[in-house]
Amino acid sequence: MKIVVCMKQTFDTEAKIAVDANGKINKQGVSLIMNPYDEFAVEEALRIKEKTAGEVTVVTVAGPEGQDALRQALAMGADKAVLVDPGMDEIDEFTTASILAKAISEIEYDVLLGGFRAIDDGSAQVAGRVAEILGIPVVNVITKLEIADGKAVANSEIEGGSQTVEVALPAMFTAQKGLNEPRYPSMKGIMQAKKKPMDKKVLGDLGLDAGQVAPKVKAISYFLPSARAAGKIIPGEPADAARDLVKALREEAKVI
Amino acid sequence: MAKGIWVYVEQRDGKVKKVTYELLSGGRKIADSLGEELCAVLPGKGVAGLAAELGEYGADKVFVLESDSLENYTTDAYANAVADLARQNDPTAILMGCTVTGRDLAAQVAQKLGTGLMTDCTEMALENGQLVFTRPIYAGKAFVKASCPEARPAMATIRPNIIAIEKAGRSAEVVSTAANTGDIRQVIKDIALQISTRPELTEADIVVSGGRGMKGPENFKILEELADVLGAAVGASRAAVDAGWITHSFQVGQTGKTVSPVVYIACGISGAIQHLAGMSSSKCIVAVNKDPEANIFKVADYGIVGDLFEVVPLLKEEFKKILA
Numbered sequence: 408m409k410i411v412v413c414m415k416q417t418f419d420t421e422a423k424i425a426v427d428a429n430g431k432i433n434k435q436g437v438s439l440i441m442n443p444y445d446e447f448a449v450e451e452a453l454r455i456k457e458k459t460a461g462e463v464t465v466v467t468v469a470g471p472e473g474q475d476a477l478r479q480a481l482a483m484g485a486d487k488a489v490l491v492d493p494g495m496d497e498i499d500e501f502t503t504a505s506i507l508a509k510a511i512s513e514i515e516y517d518v519l520l521g522g523f524r525a526i527d528d529g530s531a532q533v534a535g536r537v538a539e540i541l542g543i544p545v546v547n548v549i550t551k552l553e554i555a556d557g558k559a560v561a562n563s564e565i566e567g568g569s570q571t572v573e574v575a576l577p578a579m580f581t582a583q584k585g586l587n588e589p590r591y592p593s594m595k596g597i598m599q600a601k602k603k604p605m606d607k608k609v610l611g612d613l614g615l616d617a618g619q620v621a622p623k624v625k626a627i628s629y630f631l632p633s634a635r636a637a638g639k640i641i642p643g644e645p646a647d648a649a650r651d652l653v654k655a656l657r658e659e660a661k662v663i
Numbered sequence: 036m037a038k039g040i041w042v043y044v045e046q047r048d049g050k051v052k053k054v055t056y057e058l059l060s061g062g063r064k065i066a067d068s069l070g071e072e073l074c075a076v077l078p079g080k081g082v083a084g085l086a087a088e089l090g091e092y093g094a095d096k097v098f099v100l101e102s103d104s105l106e107n108y109t110t111d112a113y114a115n116a117v118a119d120l121a122r123q124n125d126p127t128a129i130l131m132g133c134t135v136t137g138r139d140l141a142a143q144v145a146q147k148l149g150t151g152l153m154t155d156c157t158e159m160a161l162e163n164g165q166l167v168f169t170r171p172i173y174a175g176k177a178f179v180k181a182s183c184p185e186a187r188p189a190m191a192t193i194r195p196n197i198i199a200i201e202k203a204g205r206s207a208e209v210v211s212t213a214a215n216t217g218d219i220r221q222v223i224k225d226i227a228l229q230i231s232t233r234p235e236l237t238e239a240d241i242v243v244s245g246g247r248g249m250k251g252p253e254n255f256k257i258l259e260e261l262a263d264v265l266g267a268a269v270g271a272s273r274a275a276v277d278a279g280w281i282t283h284s285f286q287v288g289q290t291g292k293t294v295s296p297v298v299y300i301a302c303g304i305s306g307a308i309q310h311l312a313g314m315s316s317s318k319c320i321v322a323v324n325k326d327p328e329a330n331i332f333k334v335a336d337y338g339i340v341g342d343l344f345e346v347v348p349l350l351k352e353e354f355k356k357i358l359a
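First to last, the protein sequences are chains A and B. Counting from 1, position 117 in the first sequence corresponds to residue 524 in the working numbering; the numbering is continuous, with no gaps. Counting from 1, position 9 in the second sequence corresponds to residue 44 in the working numbering; the numbering is continuous, with no gaps.
Careful, some of the hints might be misleading.
Claimed, not checked - Okay, derived cross-link-like pairs now, DSS-like style, lysine-lysine, Cα gap no bigger than 30 Å in a straight line:
#1 A:K423 - B:K355
#2 B:K38 - A:K625
#3 B:K292 - A:K423
#4 A:K625 - B:K224
#5 B:K147 - B:K224
#6 A:K434 - B:K292
#7 B:K53 - B:K355
#8 A:K434 - A:K603
#9 B:K333 - A:K431
#10 B:K292 - A:K431
#11 A:K654 - B:K53
#12 B:K96 - A:K654
#13 B:K256 - A:K661
#14 B:K256 - B:K355
#15 A:K661 - B:K333
#16 A:K654 - B:K355
#17 A:K625 - A:K431
#18 A:K654 - B:K224
#19 B:K147 - A:K608
What the hints assert, rightly or not - Here are the computed distance ranges between Cβ atoms for each label pair:
#20 B:A213 - A:D556: 19 to 25 Å
#21 B:A199 - A:E515: 49 to 55 Å
#22 B:P348 - A:Q435: 47 to 53 Å
#23 B:D67 - A:A428: 38 to 44 Å
#24 B:E259 - A:A637: 25 to 31 Å
#25 A:T571 - B:A213: 47 to 53 Å
#26 A:L631 - B:K250: 33 to 39 Å
#27 A:A617 - B:A199: 40 to 46 Å
If you are wondering where the hints come from, they were derived from the structure by calculation, not from laboratory data. Think of the CB as a built atom: it goes at the ideal place given N, C-alpha and C, for glycine as much as any other residue.
All chains, full assembly: derive it from the sequences and hints.
What follows is the structure, encoded as structure tokens:
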């Protein structure tokens, strides 16, 4: 079984965000990690590979720094990596999905996986767009995946519950927390990862030009939320504090 | 000539989700400023009866997309039907709720129409005749204001609980169309809805959340009791979820759900940056924590420094008194 994982490197969840002098998000000195949801996708791909004697390719659209996340996936056990550097100042989800789909169309695949969203832009749309471009079905936000006889059965999260969905392969699945427990790369895995193929491409290598994948959405400005001011600590014995708090919520904040 | 602000009507079993009314209320103002129609797009089976109610919340027109294959939501059937209707009518914008379904549908429809999509927006406005959306990035640690300047329709999903519902009391024109659901590749084998008398976490006006300070799964009962007095939803921090005390569907934070209730009551939650990212857009934050140095007090409007096992039951009794 051939499995391809779409992945992304993101800021660490603990990262403090600042806007630089040009009004863009400041990326200097921020520690980067593999998008946590993509870790679930990589882990699931490796489990399918182990059951079916398969092969896992990880793909990202990023500048050279994106290699770190790919190397981590290789160290976990993925076989090959593809990095496409768009070399564009502004991209959006349409751009990323168009490039990913083109890169994936050059690879054999039965199963596509990705995190259901990235923790940086949180847009949760690239994987769905990739599936649409490739003409394959998508099942989003999955917490369980079983593959047999050219079909997949997935548990996917829905509002207020979950559903079981069956699709024929090839298909795209996006991972939610709970799908699995991602493994840590072993020392041996990290050493082996250095020798695994890392295919670095630019748009021209895929027969694309920047005009074809130009973003549909344009960012106008970036800003930080106004800081919340610390409020009041309600003093007193628990019973008095509880009474005074409820009173304040009703009479002062007028929210209850 | 592109025209019309469209709102996707999210419903399950004939019950319209609250976020739909929020979008109609917000969309009404945009449509008025642009001098365009506000249209509700209502796919489903046997849903035509909901059309009148959508007029009350501001729709000028309701497109009813009826088909047996729209009885349960599937990505393909709904995306094909909505995209097909959009191709025929060329709307200016399509708005959907940023729910699990809305996110799923919006991405497919946007790609089918070759257009841009801004997700989880917390504000929409007209600037120089251009629809501009504000959306959180890095889980709310920053925001970006963006637009889809050329491609049409401009698409956006809007976070629930952001727009105030206002009734417009219109009677909408109903346009019934046979839905073109196309080839449906997802086969729904089973649907398991959690039976809960409490509101959905992302839709609730009040959320009562517990963290590491809850000390164990059995103690969430006191939060549930408080929640039931308030008609609130129950949430949790990552620490409580990772400890296995409560399932991930209750998690509020950067790797869980983002909530914007009127009141967020954080009990035994230290206030890690990852948690704050998921709840700092709440209108009023209340914290109960025994550690006076806890980070949560830096963002809370009201705090009680004390033992939550003592304070929470007392709060429940006090709320009972005023809500009786």
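So, going through the hints one by one against the coordinates:
Between K423 (chain A) and K355 (chain B) the CA atoms are separated by roughly 40 Å; this puts the pair beyond 30 Å, and the hint is violated. Restraint check for K38 (chain B) and K625 (chain A): satisfied, since their Cα atoms lie roughly 21 Å apart, inside the 30 Å limit. Our distance criterion of 30 Å between C-alpha atoms is met by K292 (chain B) and K423 (chain A), whose separation comes to about 20 Å. With a C-alpha separation of about 40 Å, the suggested pairing of K625 (chain A) with K224 (chain B) is violated against the 30 Å cut-off.
Of the pairs offered as hints, the one joining K147 (chain B) and K224 (chain B) holds, with about 26 Å between alpha carbons and a cut-off of 30 Å not exceeded. With a C-alpha separation of about 25 Å, the suggested pairing of K434 (chain A) with K292 (chain B) holds against the 30 Å cut-off. Pair hint K53 (chain B) plus K355 (chain B) holds up; C-alpha atoms about 26 Å apart against a cutoff of 30 Å. A hinted pair counts as satisfied when its Cα atoms are at most 30 Å apart, and K434 (chain A) with K603 (chain A) qualifies at roughly 28 Å.
Between K333 (chain B) and K431 (chain A), the direct Cα distance comes to roughly 27 Å. Compliance with the 30 Å bound is thereby established for this hinted pair. A hinted pair counts as satisfied when its Cα atoms are at most 30 Å apart, and K292 (chain B) with K431 (chain A) qualifies at roughly 26 Å. For the proposed pair K654 (chain A) and K53 (chain B), the alpha carbon gap of about 29 Å is at most 30 Å, so the pair holds. The suggested pairing of K96 (chain B) with K654 (chain A) is violated, with an alpha-carbon distance near 45 Å, which exceeds 30 Å.
Restraint check: the Cα-Cα separation between K256 (chain B) and K661 (chain A) comes to about 27 Å, which is no more than 30 Å; the hinted pair holds. The straight-line distance between the Cα atoms of K256 (chain B) and K355 (chain B) is roughly 17 Å, inside the 30 Å bound, and the hint therefore holds. Simply put, K661 (chain A) and K333 (chain B) have alpha-carbon atoms about 21 Å apart, close enough for the 30 Å limit, and the pair holds. This hinted pair checks out: K654 (chain A) and K355 (chain B) have alpha carbons roughly 12 Å apart, not beyond 30 Å.
Pair hint K625 (chain A) plus K431 (chain A) holds up; C-alpha atoms about 13 Å apart against a cutoff of 30 Å. A hinted pair counts as satisfied when its Cα atoms are at most 30 Å apart, and K654 (chain A) with K224 (chain B) does not qualify at roughly 50 Å. Our distance criterion of 30 Å between C-alpha atoms is met by K147 (chain B) and K608 (chain A), whose separation comes to about 27 Å. Range check, A213 (chain B) to D556 (chain A): about 35 Å between beta-carbon atoms, so the 19 to 25 Å window is missed.
The hinted window of 49 to 55 Å between A199 (chain B) and E515 (chain A) holds, with their beta carbons roughly 52 Å apart. Distance hint check: the CB atoms of P348 (chain B) and Q435 (chain A) are about 49 Å apart, consistent with the given range 47 to 53 Å. In this structure the hint that D67 (chain B) and A428 (chain A) lie 38 to 44 Å apart at CB holds, the actual value being about 39 Å. Separated by about 29 Å at the C-beta atoms, E259 (chain B) and A637 (chain A) satisfy the suggested range of 25 to 31 Å.
Taking 47 to 53 Å as the suggested C-beta distance range, the pair T571 (chain A) and A213 (chain B) does not conform, at roughly 29 Å. The hinted window of 33 to 39 Å between L631 (chain A) and K250 (chain B) holds, with their beta carbons roughly 35 Å apart. Taking 40 to 46 Å as the suggested C-beta distance range, the pair A617 (chain A) and A199 (chain B) conforms, at roughly 42 Å.
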